[in-house]
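Given the coordinates of chain A, assemble chain B onto it according to the supplied hints.
Here is how the chains run, residue by residue.
2 protein chains.
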Amino acid sequence: MTAESSRRTPSLLASLARVRPTGDGPMLALTVADQRVGKVTPQAAALLRKAGPVFAFGTAGIEMARGLETPEDRTDAVSSSLRRLAADGDLPAPRYERYPVVTRWGADELMRVDRSYVGLLGALAFGLHVNGYVPTPAGPEMWIGRRADDRLVEPGKLDNLVGGGQPAGLSLAANLVKEAAEEAGIDAATAGAARPAGLICYEAPHPLGLRRDVLFTFDLALAPDFTPVNTDGEVAEFTRHPVADVLDRLRRQPEAFKFNVPAVIVDFCLRHGVLDPDSEPDYAELATTLRQPLT
Amino acid sequence: MTAESSRRTPSLLASLARVRPTGDGPMLALTVADQRVGKVTPQAAALLRKAGPVFAFGTAGIEMARGLETPEDRTDAVSSSLRRLAADGDLPAPRYERYPVVTRWGADELMRVDRSYVGLLGALAFGLHVNGYVPTPAGPEMWIGRRADDRLVEPGKLDNLVGGGQPAGLSLAANLVKEAAEEAGIDAATAGAARPAGLICYEAPHPLGLRRDVLFTFDLALAPDFTPVNTDGEVAEFTRHPVADVLDRLRRQPEAFKFNVPAVIVDFCLRHGVLDPDSEPDYAELATTLRQPLT
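Respectively, the protein sequence lines represent chains A and B.
Under our numbering, the residue at position 208 of the first sequence is numbered 208, and the numbers go up by one with no gaps.
Under our numbering, the residue at position 26 of the second sequence is numbered 26, and the numbers go up by one with no gaps.
One chain only, chain A, in its complex shape:
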């Protein structure tokens, strides 16, 4: 094992620093119909106390008001109380995109909440990221996007070919086709060749509370003459790089990437044999950091 020589370059673990829990203060469980759906930070709890009777504070945590019996009732009640907080300036504006609130992937929705407030509740948020790459005899070359300078989240940062949150009421496959067309001008037939490749999941700080993200990863092998074209203004440019160069950039300048993109790329490199457990001293910690317990 050449741990000594590898230590001379910055560790890839540093590139995952933004997808680690910070553990700032005791969390409160948020339950809906006796099912635990969220982890609420002290700061987020202080905001939720202003949201009125829709949330009941008890010794065991925060409970959604029991009078709200259907998912639709809960969605409406939470939506109107959080919209009022936003109007008062206590919360950012809604994004008018609804995310499912569930105990686990595949479970029935207990309600929906605007994308802006998922982190406030510390609810699970699902998404998908697509590694677009060209296989070559020397190894994969990855397509990397640079986010437009006017984007709300992490403008100018490096990104995967395609990535997006998973709204309620859509399959991952359908969302992938939609995002691939909007973000990279990829036709449905090409996008349909993307292959599910597992997931990464992590807790991370969120401006309002706590991120608990589950990102389904997909691999999309592309022809050498394929060129992505952004159609929705979210990407400033796409460039293609040998994966070793991408890893080198990750080691030396992790902050050039959107916060969770290093995790998606490191996962790709683990799965494709780009990283070698005999020579990468942090191999095991990289692997476990990419898949944190969904507690």
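Hint data in this document are derived by calculation from the structure and do not stem from the laboratory.
Do not rely on the hints blindly, as some may be mistaken.
DMTMM-like mimics (lysine to aspartate or glutamate), calculated; alpha carbons at most 20 Å apart, straight line [claimed, not checked]:
(1) K178(A) x E234(B)
(2) K178(B) x E69(A)
(3) K178(A) x E234(A)
(4) K178(A) x D276(B)
(5) K178(B) x E255(B)
(6) K157(A) x E182(A)
(7) K50(A) x E63(A)
(8) K157(A) x D278(A)
(9) K178(B) x D276(A)
What the simulated footprint calls covered on chain B by chain A, stretch by stretch (three residues with Cβ under 8 Å from a Cβ of chain A suffice, anywhere in the stretch; the number is not a length) [what the hints assert, rightly or not]:
(10) 46-54
(11) 99-107
(12) 136-143
(13) 161-175
All values reported here derive from a predicted model rather than from experimental measurement.
Using N, Cα and C, we set each Cβ at its ideal position, and we do this for glycine too.
Frame of chain A, contents of chain B only:
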């Protein structure tokens, strides 16, 4: 999501039941030179109390005697006290294969211990498993071994093409070449084409204490006319199956497989897009079960 229809067949999660912690009683930390290397069950602690002054029992846990200053000193002292317990019938016989005792993969060895007693100490144990498969237009076909009926561990059970523990003083790449030759008659050039594909890690019950296994997984794409041939008597036969058939067997008869082999196969299926997050309701739990925290 077709959760309803998938629920009709047994869940793949059941096939991972043997790589989950059972949580039977409070664990004691085992430290060597102030570094935490093991998790000792109450049952294992009772055995270690008979091992003499090499282990000091305190309120914070179990500490290796401080007089033992070098890894070699510790290895010798532990070896002779555990050999004495084995002679008294309190422990199984040593296997005369030494495993490294470390805080993490890639860290300096604090001592070595016979393979038979890794679970007694609740130390990390490293290994490698190779998914041998033939890519076909209809998807991968996997080579599955059946363990010989006279094997010490899990005789007669279904296994991966190649798998083995990782002894001290050998690289994973070298161990893979050695095990591939012994277990499946694979020449070094063919074995060298195996590609690292990440790892699975889990806690699981162990007859003496606790397993804490880190298994590095490798994928080896094989030609359609390749046939594995066992050379060391450890495998009764090899057969090749479409991966869908292997998954079907995993769902319906998980106990036909060696305890950790379902995890290796499910990991392969997640990475290769054989399982689909839109149709597999336990997809996220499968993924997190395969990579448990190394605590």
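Hint-by-hint comparison with the structure:
no., hint, result
1, K178(A) x E234(B), "violated (51 Å)"
2, K178(B) x E69(A), "violated (62 Å)"
3, K178(A) x E234(A), "holds (14 Å)"
4, K178(A) x D276(B), "holds (18 Å)"
5, K178(B) x E255(B), "violated (28 Å)"
6, K157(A) x E182(A), "holds (18 Å)"
7, K50(A) x E63(A), "holds (14 Å)"
8, K157(A) x D278(A), "violated (32 Å)"
9, K178(B) x D276(A), "holds (18 Å)"
10, 46-54, "violated (count 0)"
11, 99-107, "holds (count 3)"
12, 136-143, "violated (count 0)"
13, 161-175, "holds (count 3)"
Comparing the model with each earlier hint shows violations of hints 1, 2, 5, 8, 10 and 12; every other hint is respected.
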